[in-house]
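Asker: Each chain, letter by letter, is given below.
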Amino acid sequence: MSAQYAYDGSFPGLLCALCAALTARERPLDIVADRELQPMLLAPTIPITTDEEKADRFMGRIDDTMGRHVRRNLVRTFLSDTPGRELLIYDYLSFIREKGPNADGHLTHPAVAPVHAVARKVTVEAHRLTGMARFTRVAGELLVAVMEPRHRVLPLIAPHFTRRFPVDRWVMLDVGRGTGLYWDMKELHEVESGPETTRLLNTPPDSATGDIYEKMWRQYFKDIAIPERKNPRCQKRFMPTRYWKYLTEKR
Amino acid sequence: MDIEKKLQILGAAAKYDVSCSSSGSRRPTPKGGTGNGVSAGICHSWADDGRCVSLLKTLFTNVCIHDCAYCVNRRSNDIPRTAFTVDEICELTMEFYRRNYIEGLFLSSGVMRNADYTMERLALVAKKLREEYRFGGYIHLKAIPGASRELIRQAGLHADRISVNIELPTEKSLLLLTDKKKDDIMLPMGEISSAIVENRDERKHLRSAPRFAPAGSSTQLIVGATPENDHQIVRLSEGLYNRFGLKRVYYSAFVPVSSDNRLPALATPPLLREHRLYQADWLMRYYGFTAGEILDDRTPFLDEEMDPKSAWALRNIHLFPIDIQTAPYETLLRVPGIGVRSAQRIVIARRHTRLGYDDLKKIGVVMKRAKHFLTVGGRTLLPGSGRPLRLIRRDLITRAMLGPSLQLNLFAA
Ligand code: SF4
Chain A
1 MSAQYAYDGS FPGLLCALCA ALTARERPLD IVADRELQPM LLAPTIPITT DEEKADRFMG
61 RIDDTMGRHV RRNLVRTFLS DTPGRELLIY DYLSFIREKG PNADGHLTHP AVAPVHAVAR
121 KVTVEAHRLT GMARFTRVAG ELLVAVMEPR HRVLPLIAPH FTRRFPVDRW VMLDVGRGTG
181 LYWDMKELHE VESGPETTRL LNTPPDSATG DIYEKMWRQY FKDIAIPERK NPRCQKRFMP
241 TRYWKYLTEK R
Chain B
1 MDIEKKLQIL GAAAKYDVSC SSSGSRRPTP KGGTGNGVSA GICHSWADDG RCVSLLKTLF
61 TNVCIHDCAY CVNRRSNDIP RTAFTVDEIC ELTMEFYRRN YIEGLFLSSG VMRNADYTME
121 RLALVAKKLR EEYRFGGYIH LKAIPGASRE LIRQAGLHAD RISVNIELPT EKSLLLLTDK
181 KKDDIMLPMG EISSAIVENR DERKHLRSAP RFAPAGSSTQ LIVGATPEND HQIVRLSEGL
241 YNRFGLKRVY YSAFVPVSSD NRLPALATPP LLREHRLYQA DWLMRYYGFT AGEILDDRTP
301 FLDEEMDPKS AWALRNIHLF PIDIQTAPYE TLLRVPGIGV RSAQRIVIAR RHTRLGYDDL
361 KKIGVVMKRA KHFLTVGGRT LLPGSGRPLR LIRRDLITRA MLGPSLQLNL FAA
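Protein chains in written order, with my numbering: chain A, 1 to 251; chain B, 1 to 413.
Please note that a few of the clues may not be correct.
What the hints assert, rightly or not - When the alpha-carbon atoms are kept at most 20 Å apart in a straight line, the in silico DMTMM-like pairs for lysine to aspartate or glutamate are as follows:
{"id": "1", "chain 1": "B", "residue 1": "Lys182", "chain 2": "B", "residue 2": "Glu171"}
{"id": "2", "chain 1": "B", "residue 1": "Lys15", "chain 2": "A", "residue 2": "Asp211"}
{"id": "3", "chain 1": "B", "residue 1": "Lys127", "chain 2": "B", "residue 2": "Asp184"}
{"id": "4", "chain 1": "A", "residue 1": "Lys230", "chain 2": "B", "residue 2": "Glu95"}
{"id": "5", "chain 1": "B", "residue 1": "Lys31", "chain 2": "A", "residue 2": "Asp184"}
{"id": "6", "chain 1": "A", "residue 1": "Lys236", "chain 2": "B", "residue 2": "Asp49"}
{"id": "7", "chain 1": "B", "residue 1": "Lys5", "chain 2": "A", "residue 2": "Glu249"}
{"id": "8", "chain 1": "A", "residue 1": "Lys215", "chain 2": "B", "residue 2": "Asp2"}
{"id": "9", "chain 1": "A", "residue 1": "Lys215", "chain 2": "B", "residue 2": "Glu171"}
{"id": "10", "chain 1": "A", "residue 1": "Lys215", "chain 2": "B", "residue 2": "Asp48"}
{"id": "11", "chain 1": "A", "residue 1": "Lys215", "chain 2": "B", "residue 2": "Glu4"}
{"id": "12", "chain 1": "B", "residue 1": "Lys5", "chain 2": "A", "residue 2": "Asp211"}
{"id": "13", "chain 1": "B", "residue 1": "Lys15", "chain 2": "A", "residue 2": "Glu228"}
No lab work stands behind these hints: they were computed from the structure.
Same shape as in the complex, but just chain A (with noise of 0.2 Å):
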């Protein structure tokens, strides 16, 4: 009989989950996450242990049979949050299991067109983020970047700005989910919500430091739009209203 797989919410528990229902090749009801876990009348939950070790050999086996681009969806899908994201994940592996490494390419069947739709949301939201993102200067040199997005893509952007910034140290935090990321000029380290990062997040966007360079680049984005060509429509286009909060010029 079709299950549903319950795993920790976590990426490698997601893997292990997978992993289980494409070997016993049934369609699983649905594959969830803990926190979003119903129990079902009439079918089977089967609780899933994470074990990162399998995870990674998943993974692996993935790279090695799929392609890199099967993983960077399914990673993105993933990120997304979208509800039932693991059934689309699931899917498409099996769709690509069936018919081969060159099936991701079968852009208008249903087994693959969400999850392509998916991860290009996510894939723009993280792009936007890499030039959106603004950084404020706390004390003690450090720099902190705030923001909401839509997507978890703090693990996407992150890597962009440890090679952008590696000499200064900085933090970012996703402060819709309270999670964030900080380099200390090695590595990254995943931020919990300790006081340190309460502190932090109860930082005002508008800071009081009275940054002068604050100060003047919200100056310098008044002066450089010409007026008579005034737009407010393709602005929001391109920068949506919703980053507005975080952003050093328009708050």
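Place chain B with the ligand on chain A using the hints.
Answerer: Using the frame of chain A, we list chain B with the ligand on its own:
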């Protein structure tokens, strides 16, 4: 004058230069330094006029010995004048960059004392940013018309891009509105383009040879200040792409900044015309069109009501319909409603299935326009082909989203 006030004057004065691109240069972060170049470029913000902000775009000084009629900095204009110091610009760039406001610096300038004196200052800013501040972000410098070869070569060693603005499409207009000659502009442009070509060859043999302006060169043309037609403009652009290897030609709708009687009195800048010129430019750079296909002597201006590709397709209706399953990529690109991204997706997807109407929609094709030009599943999409052009035309008319979305629109249909 403090730096805040200077930025207010010199930042605002640079706004008529429309180039904002930070693409084309992959530069690693210097050891112990800050910043890198990302070859696709990154937009950081969009100003109230809808233009992307990617670089700190500013003048070094708004002092100028010239008197170009269309320019706010012209000698005869009564405005406050100032100049940054080299260190002020470097600090500003670094501090803005560290806060992730920008990809780098775009430095232009009025001509202070003489061309070489000014060019030397600009080159010094770039050198200092690279060597003292260990900055790996993007630097775009303007070459000052009339500056010596030697200085331009030096500047290009530290900059990612170096460019000269042509501004006016013909020498006649240039002579009418400025005290510059064609050579003042074309000589530095030629110098830059040959330096880029030589450098490319040199690096083929010697990987360690220093790079010269790896992101290439660009230029800007003002549209609507002088009587040239669109045909002349796209032909000029085509020549610049082919002969000088320019990466980009920017078009800037003329914004009247003075009431000089040599200039036309325009109520509003010709934004729609500018928008259509960008579309025509894209057709030449990404869609394989030649200037002669887009316009000719009989059709000297771009159609205001529809994009240039639609206008071309309508004039060449005898080449259609094409079969979605078999037409080569280059032909797909010529169909109104199919952009670069959807053409690529069609080519991939049709290997797996026979594409239908809904598939094309899913792929991102704008069917309202494309349906007139396609055979899908062996049939034309419209009952009774040979429809009157008037009806096709109606579906091709689009309300242009004004404001050149310089970066993102690239792959739109
Ligand atoms: S040389 Fe440049 S800055 Fe000077 S007036 Fe002419 S266009 Fe303006």
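Asker: Look at each hint and say if it fits the structure.
Answerer: Hints and how they fare:
{"no.": "1", "hint": "B:Lys182 with B:Glu171", "in the structure": "holds, 6 Å"}
{"no.": "2", "hint": "B:Lys15 with A:Asp211", "in the structure": "violated, 24 Å"}
{"no.": "3", "hint": "B:Lys127 with B:Asp184", "in the structure": "violated, 25 Å"}
{"no.": "4", "hint": "A:Lys230 with B:Glu95", "in the structure": "violated, 28 Å"}
{"no.": "5", "hint": "B:Lys31 with A:Asp184", "in the structure": "holds, 17 Å"}
{"no.": "6", "hint": "A:Lys236 with B:Asp49", "in the structure": "holds, 10 Å"}
{"no.": "7", "hint": "B:Lys5 with A:Glu249", "in the structure": "holds, 18 Å"}
{"no.": "8", "hint": "A:Lys215 with B:Asp2", "in the structure": "holds, 14 Å"}
{"no.": "9", "hint": "A:Lys215 with B:Glu171", "in the structure": "violated, 43 Å"}
{"no.": "10", "hint": "A:Lys215 with B:Asp48", "in the structure": "holds, 17 Å"}
{"no.": "11", "hint": "A:Lys215 with B:Glu4", "in the structure": "holds, 9 Å"}
{"no.": "12", "hint": "B:Lys5 with A:Asp211", "in the structure": "holds, 16 Å"}
{"no.": "13", "hint": "B:Lys15 with A:Glu228", "in the structure": "holds, 12 Å"}
The structure fails to meet hints 2, 3, 4 and 9 from the earlier list, while all remaining hints are met.
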